[in-house]
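Could you build the full structure based on these sequences and the hints that come with them?
First to last, the protein sequences are chains A and B. Letter by letter, the first sequence follows residues 1377 to 1570 in my numbering. Letter by letter, the second sequence follows residues 118 to 315 in my numbering.
These are computed hints drawn from the structure, not numbers from a lab. C-beta atoms are modelled at their ideal positions from N, C-alpha and C, and glycine is treated no differently. No incorrect hints appear here.
Distance windows between CB atoms, simulated:
no.	chain 1	residue 1	chain 2	residue 2	range
1	A	R1472	B	G155	24 to 32 Å
2	A	N1506	B	W176	45 to 53 Å
3	B	F190	A	K1446	41 to 49 Å
4	B	V181	A	H1427	35 to 43 Å
5	B	V181	A	G1445	22 to 30 Å
6	B	A159	A	S1399	18 to 26 Å
7	B	V181	A	S1399	31 to 39 Å
8	A	P1517	B	W176	43 to 51 Å
9	A	A1515	B	G155	34 to 42 Å
10	B	T191	A	E1449	43 to 51 Å
11	B	V181	A	P1453	35 to 43 Å
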Amino acid sequence: MIEGRRLLAGEAILSGPATVERSQEEVLESMVREHSRLVYRIAYAVLRSHHDAEDATQETFLRVVRHRGKLAEVEDPKTWLARIAWRAAVDRTRQRGRRQEMPIDDPDRPVDVASPELPADQSLHDARLNDALERLIAALPAKLREPLILSTIEEMSRQEVAATLGIDEAAVRSRIFRARKILKERLASTFKKK
Amino acid sequence: MTELNTQSGDPKHDDLDRALDAALARYAAVEPRPGLEGRVLAHLNTREVRSPHFGWWRWGVAAVAVAAIVLAFTVAWRPGRRYLPVAGREPVTIPKQVPSVVSVTKENSVGSPAQRPMTKAGGRGHLANVKPHPKLEQFPSPQPLSEEEVALVRYVRNFPEEARLIAHAQEEFDIQTQKEMNDAGSGSLASSSIQQER
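As structure tokens, then:
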């Protein structure tokens, strides 16, 4: 047993900064492979542009690299990453200086491809609904919009949404409920007019 | 357009709710372009090479460069003794026996007609209480003695005979040089006139 401890201590002494740095790189790489999709989706939910979302994803992991000294202290890397991704996307929105609402003819705007499994009229209906929803969500107050769009990401639980936004879970539920209510009312009025 | 049933019995089964749920699911259901992980890792590796590790090195180089520039400016703009005011200088006494020693200076060797005020003072050129100089026609206006000139004055004071010999030798050399230049100039004029006659 004593010999085992000596061996461990020896390894600890021999594993200098190079080993520590290597392990940090491995941790970083595993974070990229495991969570890059989530980060991308968070960025896309905010920016609504594939190009900007990828840039924000790059920026997110760059920030992780800058703070890699704190990697060992992070208990929940997923939530930690989600928070950084959220901040990076919001910062990019401010830099862009434009509204969240996307113009219809924007080339980066997501295009709904008609599903072969659905009837054509259903596909068309869904496309128009998505289009209307995009505009309505963009028009929501930020306080209601942010928890709503994060909750749409399937990888995010309510608890993780709350941790990302820095609010409690009850506030998240309440705001999502209010946001959905507003959206339903506006969608109903939109489709009734047509 | 299909009308959405807004009459909610059970909210969970409300058509609008379902439609909204489906639309919200599609809202975030996007996939990144293939190879996102590879691009992110490649970008991180590139930035690692240009990371703060190299950043510290760059700061060091920049600091050295700034220090070198500051040093160069300091050396280049260091004020010399040339710019000391004349009035504050000590009186320099030159022996009366030494004729036109100052003609050895480079200004006088090129035939400058004006003499320095100290020689015109008759050998005992006291520069203390200097009166304002009259406006001279000489350009540039006389400057205070340089280090070399002060050294020359000191040499003349200490070794007058040697200074006299040097002065005579310099004069003869200047005369010889002028003669050679005149001969060379007349020779070229002659050859050109001969060519013109031809």
